[in-house]
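Visitor: So you can see what is in the structure, the chains are spelled out below.
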Amino acid sequence: MSNKVYGLLAKFDTPAAIMKAAEKVRDAGYKKWDVITPFPIHGMDGAMGLRRSRVPRFTLVAGSAGFTIGMLMIAYMNKWDYPLIVGGKPFFSPMFAFPVSYELTILLSAFGTIIGMFLLNCLPMHYHPVLKYDDIHEGTDDQFFLVIETTDPEFNATETNKLLAEVGSLEIRELEE
Amino acid sequence: MAETTKSPAILKEVDPVVLPRPDLVENNRSFSWITNKICGIIEEKTPTWWWVCFCVAGFLASFTVIGIVYLVAAGVGVWGLANPISWGWAIVNFVFWIGIGHAGTLISAILCLLKQKWRTSINRAAEAMTIFAVVCAGIFPVFHVGRVWFAWWLFPLPNANAIWPNFRSPLLWDVFAVSTYATVSVLFWYVGLIPDLATVRDRAKTKIRKVLYGIFAMGWRGSNRHWSNYEMAYLILAGLSTPLVLSVHTIVSFDFAVALIPGWHTTIFPPYFVAGAIFSGFGMVLTLMLPLRAIYKLDDLITQYHIDCMGKIVLATGSIVGYAYAMEFFIAWYGANPFETFAFVNRAFGPFAWAYWIMIFCNVVSPQLFWFKKIRHNTTLVWVISIFVNIGMWFERFVITVTSLARDFLPSSWGYFSPTVVDIFTYAGTFGVFSVLFLLFIRFLPLMAMAEIKAVSPAADPHHHH
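Heads up: the protein sequence lines correspond to chains A and B, in order. Under this note's numbering, the first sequence has 20 at position 20, and the numbering climbs by one with no breaks. Under this note's numbering, the second sequence has 129 at position 129, and the numbering climbs by one with no breaks.
Honestly, the hints are just simulated from the structure, not real lab data. Ideal Cβ positions, reconstructed from N, Cα and C, are used throughout, including at glycine. Incorrect hints may appear among the rest.
Unchecked claim - Pulled a few chain B residues facing chain A out of the computed Cβ check, cut under 7 Å:
| hint | residue |
| --- | --- |
| 1 | 32 |
| 2 | 35 |
| 3 | 163 |
| 4 | 166 |
| 5 | 171 |
| 6 | 173 |
| 7 | 176 |
| 8 | 222 |
| 9 | 229 |
| 10 | 451 |
| 11 | 462 |
Stated by the list, open to error - In silico negatives: residues of chain B with every beta carbon more than 10 Å from chain A:
| hint | residue |
| --- | --- |
| 12 | 66 |
| 13 | 188 |
| 14 | 220 |
| 15 | 316 |
Chain A on its own, in the form it takes in the complex:
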């Protein structure tokens, strides 16, 4: 087993501390790094310099598909394939097709949103180097971690270590691949 180093992990114990640290790491120009928190911290996306999430694109595509499928399905079924005579009503009208198409819009949008979220997050992913760290369970409880990967172009074992120490981490560890 080659003990390749995945990255450096630093531990913090308050949201304010990790927030400040994230701002410093962002300003130092790192790209491949991450913050692990037990809950979403308000303003952390900005502190990390993350772009707006791309999940809505999935929602839009899926939702449009849902509405179109609904309308086309109803037209095909009640007008074209088997025209159903009911009370002298038209075989197809967007009015009566609307409620069902509307529900399908929401149904497919919901699936699109969730699938999009999973795809963008590369989940499910039951193995990750970070999970090897013994105290990582604190990251879903009450501690906050910052991880900088070795593959980051800015990464330099001593420099990065120094940066993490400067931003006030409680503990710094090397993570194995």
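Add chain B to chain A, keeping to what the hints say.
Guide: Chain B alone, transformed into the frame defined by chain A:
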């Protein structure tokens, strides 16, 4: 004029009074206290009361099973449905349970969009309630179709008759609305659970817990790059669920409103049904959460402020419902349609007047007590009123469904509805079904959204210094 160039009587800047916001987590509890408290509930040894409740609920649920088996074996005639009352308890129970579910979505979705942070400690349980209520609701229409093995004809699937469903029927819209509602509610609930399942996984002591919670946690590790997408997805789901929940009960009300029966054929039905649904759902949330709060000593998480908020929503929606009852009467008189007028006078003073006045008392009168702070602060009384709300809302659906059908256009076909034993057993049993599911939920899944509660607790603010 004098040269008094006084500045006009407008303030340069408005400095509003900053009112203190109540803390959503009391006693300055730490993050790990929240984790321990909520995970502790599912990690401790199964308490005796749980087993007692589970056995009672399971016994009660067997009533539904027996009732349904008998119905399938003998036919729908075993229910008290007869001309002219062809829609009896089945639709009443269906609408009742669907309505219960709506508060869950309201709390998780609409309050999320409105940034009502107090939702966080009740939303998980309320969403669970939604899903289980929809399960109970689904039983009735599915078995009402009679030959239940053909229930799949409700969906547009190719069948041997080469015929498709009639998309002009509100009943078919209802199929889509309710099944979409059930699916989206489950998805929303599950997405909310993922970070908490990860917490439970990380604390698991046994292999089997680690594996099972681990699989469902999807390998969540709390990465902020994930949180970013997750929060966006959650927000969108909230945005999708809001029009969904409004549309579901609107479409449920179309089942009635699109028909020509006096007392049903009114345009007020959609908003009135939605308000009633939220009203009944909050009643049920209080009925469920107050005992849980007492049993598990969750007073720091479900604070008096939460109960106040819920009481006020019950009061508001109860008043909307009361207004809708009054407005129905007004329009029946103002519309000058003799059939419509008769339908409403008959509701209040006809053979089902007893049901009508129970409804008025429970839905309109009893929630008015929530105007008083003293009553909102008396947990026992709040719980009792929440039971009244549940009863009242069942009677509302009974009154709407049965009174209009029992006094049709044609006096020769008038009738009186009485439920059969099978009706009563099947309905009573659904409370058992609901309780079994809810008990399993509090035993195996985190009862409250830990990550969300942590995020709204005073310590989570990055500008908070200690």
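Visitor: Take the hints in turn and mark each one as holding or not.
Guide: Quick rundown of the hints versus the structure:
At its closest, the beta carbon of residue 32/B sits 4 Å from a beta carbon of chain A; the interface hint therefore holds under the 7 Å criterion. Look at residue 35/B: its Cβ gets to within about 5 Å of chain A, closer than 7 Å, so that hint holds up. With a cut of 7 Å, the hint placing residue 163/B at the interface with chain A holds, because the nearest CB-to-CB distance is about 6 Å. The interface hint given for residue 166/B is met, as the beta carbon of that residue sits about 6 Å from the closest beta carbon of chain A, less than 7 Å.
Hint on residue 171/B is violated. Least Cβ distance to chain A is approximately 11 Å, over the 7 Å limit. Look at residue 173/B: its Cβ gets to within about 4 Å of chain A, closer than 7 Å, so that hint holds up. Because the smallest distance between the Cβ of residue 176/B and any Cβ of chain A comes to about 4 Å, under 7 Å, the interface hint for this residue holds. Interface restraint check: residue 222/B against chain A, minimum CB-CB distance 5 Å, threshold 7 Å, status holds.
The restraint placing residue 229/B at the interface with chain A holds, with a minimum CB-CB distance near 5 Å, inside the 7 Å limit. For residue 451/B, the interface hint holds, since its Cβ comes within 7 Å of a Cβ in chain A; the closest pair sits about 4 Å apart. A cut of 7 Å between beta carbons decides the hint on residue 462/B: the least distance to chain A is about 4 Å, and the hint holds. Every Cβ of chain A is farther than 10 Å from the Cβ of residue 66/B; the closest lies at roughly 34 Å, confirming the non-interface assignment.
Look at residue 188/B: its CB is around 7 Å from the nearest CB on chain A, not clear of 10 Å, so calling it non-interface is violated. Chain A draws residue 220/B into its interface by the beta-carbon criterion, the shortest separation being 7 Å against a cut-off of 10 Å. Distance to chain A confirms residue 316/B as a non-interface residue, since its nearest Cβ pair spans about 26 Å, more than 10 Å.
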